[in-house]
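Novice: Taken in sequence, the protein lines are chains A, B and C. Position one of the first sequence corresponds to residue 1 (my numbering), numbered consecutively onward. Position one of the second sequence corresponds to residue 959 (my numbering), numbered consecutively onward. Position one of the third sequence corresponds to residue 1049 (my numbering), numbered consecutively onward.
Since the hints were derived computationally from the structure, they do not count as laboratory data. For each residue, glycine too, the CB sits at the ideal point set by N, CA and C.
Listed below are the simulated DSSO-like cross-link pairs for lysine-lysine, each with C-alpha atoms no more than 30 Å apart in a straight line:
| # | chain 1 | residue 1 | chain 2 | residue 2 |
| --- | --- | --- | --- | --- |
| 1 | C | Lys1315 | A | Lys474 |
| 2 | C | Lys1336 | A | Lys136 |
| 3 | C | Lys1213 | C | Lys1315 |
| 4 | C | Lys1058 | A | Lys136 |
| 5 | A | Lys474 | C | Lys1336 |
| 6 | C | Lys1213 | A | Lys162 |
| 7 | A | Lys162 | A | Lys269 |
Label-pair restraints from in silico Cβ distances:
| # | chain 1 | residue 1 | chain 2 | residue 2 | range |
| --- | --- | --- | --- | --- | --- |
| 8 | C | Leu1057 | A | Ala855 | 58 to 64 Å |
| 9 | B | Gln983 | A | Glu789 | 52 to 58 Å |
| 10 | A | Ala855 | C | Thr1269 | 36 to 42 Å |
| 11 | A | Glu706 | C | Asn1134 | 41 to 47 Å |
| 12 | B | Ala1039 | A | Ala431 | 47 to 53 Å |
| 13 | B | Lys998 | A | Ala855 | 16 to 22 Å |
Chain by chain, the residues:
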Amino acid sequence: MTRLPKGGLINRDTRLDFTFNGRPMTGHPGDTLASALLANGQHLVARSIKYHRPRGILSNGLEEPCAMVTVTDQTGNTPNLKATEVMLRGGLHVTSQNNWPSVTHDAGSALQLGGRMLAAGFYYKTFKWPRDGWHKRYAGIIRRLAGHGQIDPSADNALYDKRHRHCDILVIGSGAAGLSAAQTAAHAGATTILIEQDHVLGGSLLFSRNQIAGELAADWANDAVEALQDLSNVTVMSRTLAFGQYDHGQILAVESMPADSNARAILWKIRARRILLASGATERPIVFPGNDRPGIMLGGAVRSYIRRFSVAPGTRAVVAVADPDEGEDTFAALKEAGIDVRAVLPPGAAITGTSGRLHLRSVGWRDPGGKRHRTACDLLCVSAGWMPNAHLFAQMETGLQFDGTTQSLLPPDTSGPLRPIGGARGILNTADCLTDGKAAAHQALAELEMHKHLNLPRPAATPAAPGFDSGTGKAFVDLQNDVTRDDVALAMREGYKDIELVKRYTTLGMGTDQGKTSWTNGVLEIATQSGRDPAEIGHTTYRPPYSPVTIGALIGTETGDEMVPIRHTPFHRAFERMGCVFQTSGDWLYARYFPRDDETMQDAVIRECNAVRNGLGCVDMSTLGKIDVQGPDALEFLSRLYCNNISTLKPGHVRYALMLREDGYVFDDGTVAQLGDDHFSVTATTANSAFVWRHMTKFAQVDWPELDVTLTDISDHWASLAIAGPHARDLLLALAPDFDCSRDGFPFARLREGFLGNDLPVRVVSVSFSGEPCFEINTPAGFAETLLERVTKHGAGWDITAYGLEALDMLRIEKGHLSIGTEIDGRRTADDLGLGAMVSQKKDFIGRTLLQRPALQASEREQLVGLTPEDGSSPIPHGAVLSDHPISGDGRACGCGHLTAAIHSPALGHPIALGFLTNGRVRTGDVLWAQSPVSGQSVRVRVGPVCAYDPKGERLHG
Amino acid sequence: MILLPCPNCGPRDEGEFTYGGPQRQLPSLDGQSGTDDWLKALFHPQNPRGPMVELWYHASGCEAWIEVTRDTGTHEIIDVATNRLRDDKQ
Amino acid sequence: MGYSGFSLLKHAVTGNRRWPDVLAEPEMRASYDIVIIGGGGHGLATAHYLTSNHGITNVAVVEAGWIGGGNTARNTTIVRSDYLLNASFQLKHFALKLWSDLTQDLNFNVMYEPRGYVDLAHSDGELEHFTLRANAMQLRGADAAILTGDSLQQRVPELDLSGAKRFPVAGALVQEAGGVVRHDAVAWGFAQNAAAAGIHIFQNCPAISFDIDAGRIIAVTTPKGRIACKQVLISVAGSSSEVAQMAGVDLPLTTINVQALVTEPVKPALDTVVNYNAGLSYVSQTSKGEFVLGGATDGYASFARRGSFERIEDVLARAVQMFPFLSRLRLMRHWSGSADIPMDGNAIMGRTPIDGLMINAGWGYAGFKATPAVGWCMANLLATGDMPDLVAPFALERFANGAEQDDAGIGPYPWLH
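Produce the complete structure using the sequences and hints provided.
Specialist: Next up, the structure:
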């Protein structure tokens, strides 16, 4: 064990058991998986993706490029986790990735032998033959080699949620700058949220030996956090990763819930007036030959493992830390852990190589005088400097600028809502971070008019110390994607010089670590190799999320049948009791059919159709859009909106009406009913109701504000039940209306208002989709069940039959009535649909002008026709294409139209279909082919009228 | 998610609104407007990288169509108004 | 270029230090016969076919950024031709034929993988419509099948058809020739071939203005100099309005943000490309192991290349309906592109009112799959002056004529397409 005897932010009283590649290990609460592995002496954690080189733990945070593992707990396996980001829990089973048969003996490491052949871009240059070789042979092999961990194929049963928060000032990060900013904001009375990705607040203060206000930094941080938590205007959130900045001050963050929570994670959507980004900085590795061996670790990570986690990450160390103060601090930390420091590399030294198969054994280096050294060690502490974590800034703003003094990509000054502070803008010492946090918070408070403007000076970014040189050899720039210095050189040599092309050609920075440790080194490599100033190189766009986020958290509770809310009609519960089978139709759950006993759908639908044709049926029409139109200009408004004549309508009358889009194509059909002189009620189809509503309100509010008209969406106010069939009027009379319902008193296409049985308020409309006598009874939605009960009770004598969407569709196809999405598909003129006569020649209306365009008036357009099988009985296949000729030998046929609907008509006793046919109306009597190669059917069909059943409409008035 | 300052309701998330496209000047419906007028109004909207006046419908709010001047390059909201003609009238 | 296993070995021996610069930037000439504005997939494909089909090499490609950096770099790499409208189908079908041979034609592995494109229907009505599409495709010579129940489950074993689903799956249209192509490789392969044949490609070189004389284009000005030319092709997805405006041409389109995302890479877990239709979500797994997903546009005008996270949430929720295991995976990166969406949601190709100025625009978020066919056809138009039949239906004049090609039947509301 390499656990130190005392100290650290771990709870030694509790032991957590876990396994690594099957080997039992232990750790303590407060450990990350990485610190626990190190405490168990485990340095080799995984193999690399391309060359399967042994890899260990480089860092102590989200930037980790190497230590990739799959973690199994009681909820399943999660692949691709970085050992440094996993809080240790008892019972975890951890396995290494990218190795077979084991991480110590990995067959894939043979790939290193092909090293130079597998250089950047190699797969673009090969695997080209035979012709389908890539797909049939190579892709499968490459795919199996690529990818990191294995998915867990089982469903994820963990709970997730999404929540919102708002505040004046959001502080992201709880190191010196963040705590100082949060204190300043909170004490000025601003509503303040402080979020921290780690489970303990304090950031790098947690392993600093600095003093703040006379206390050890970690103690000061602890006190500051406790004081903030006591304030009512402050919310402190730990374990919460701010992963993206979005428009207008929105930050998205994901909170990982502790092991004892019933949820795994919560997505927070935080809207803040100002955001202070105190996300610190990431330490930059050094690029040198053999820089990827287990045992090579960032200096800051070493200090953190020793002081925060109380682990000795090695026994004999070499220090190569550029910043002299940090070098000293690293040396001190190593000493605290009793680690033998074998060498401290002076500035200007060059690291020439390393040895060790599965763990570092020695480092070769050359001092500035040119003398070569080889130092045996199992720990190499490296640091070339620091890189500000300004990703959230760069996601929204124009970008970061390379700064020669700090040798890093720095955020420029900004007036946007998000301001990088402290380490995120290159400030590395604690005192300056405290000052910067306070100054930035004051600036934000002043802008929000919550404090007088103090205009406190902001400290400058910390200059970089001279770094180390490197020998030649296989030096990794991107440790996760195995991108070497030579790969970068090769990409540029081949012409892929732009940084975006280097990235894509080599995959530099495209790994799951998002290039956190590799990106600045990549920029510097490109600059060095091209002899350009790094400031000219630029950088690629920073994309959210800052670090990978579990998809479950982004979905929250929107899973299974709760993904989108379901709309139910007011009859839903009653229909459920009737054994209705429902169907999803857009947002709605709609009655599909009402089986009796163990009827099949087909039998039920035929029964339902026959009931409507021969007796009495009732159907739910509540999903239709219903819009109330009132005002002195209501008639003018509707007249402009519909293409047919509306002006001759009278109170109590109803008319079928057609609405065109501005471009002249048919948009929607429905009815217009006149209730009073200035009062109308119109319907829109179910599918289009929201669109029609917006279409109408837009005209009323935006385009024709001069019209005095008020629109009200009353779709949900009314329950609508249509009673249809030869006995519809008998039933209406039996419902005891207080208005005249005689044949003369209430003919077709009229509207009547009143009461049924003196107490049930109704609007009854005599319109018909089925072609049978029909009354659509509308009642306020709350009375839906009362209406249904009475209709059922009084209709019993005629064996009233509830019918659903399937029968409704059959009945309308028999009548050749139109349906949205099938016949009215957004590409048809009124004339195409056989409704050309409805288009008024006497008035102007929406769509009139553009309907005159030549192609809309062309003679060769497809027109709606009816079709029957030539032999009178062959079923007509669904979705068939119409052709004049049979399918030729090569399986092709030239289409001249297609079907929109095909059924076996219960009323006619034979198959019928509707379809579009070029010049269809002049082809009545012609025989064509209805071709459905996907079902192997090909049927001869005869062109006929659109309306197959009761073409004269006698039943309607009968 | 952009934040639209509805003149009636205050700042609200984009999710409460439905987009209505760039502002348009529909030709009059007096039988005098020709194909070109309609083509221009309907088929050739402004499409600038920069400020543009557009229509948003506050569906989950006041049900008003509002005119938003927004920079399409940055999403900055520059101005917002309810329909001016209608406001003048009322 | 001579890329082969042998060349890899040969260069490996010399430490890869002798690979040639295949994209070396030449001296810009004062004039070219043809200037192609836009070094994306479409522009570079046009350049390639100008040389390979027509022997024309006096061509400059000017690219404002880096090659393949626009929508070529921002799409979800899906190729397919499952369209009902004939014009839409024919162009993409021709593209599929070209995709299947492109690796050999370019001697550059573009990694066309016909894994099958599976389009899910969520009701019997929708499936009937898909059946029509499948029939039309077959009768025009494409592969298409309708699968339901067990046959669908067998074809896509990873697809979850069990349990409570908000929008149950009624069946699917499957096009086996559909699949994915490596997007970057397409731009690079075309660019390398065009450059090797002598076409000049200039990066970081935006077109700044046009010289038009008596209604005819005569030159393009760039920061690297003025280029006299006989013909210009504008092929600048996401900036089409701006560039066409420089010639006074007003395009009937709105530019809208479209987003895509990838998960962390994992070992192979999905072999097909699957599209969910109750709210759009299309999913495939790349050769690198990432799941790549996309959806509909953000629905409002934007050039910001930055979108609303709600679209990402929508796309993921639908993907998890299909593949519940995705819930455990992690979102690694999401990004955006600017889609120029015309009034009928379909592309605008061909001549403009300015003589010699050709346009290829308005591909919305459907342009990648058509790349080689667009290049082939536009090269044909530029080289011969004859309008290819495949391009004619997409002429700019169609809006004035009323001959829209509206696959979705949505109408002149680009934000709804």
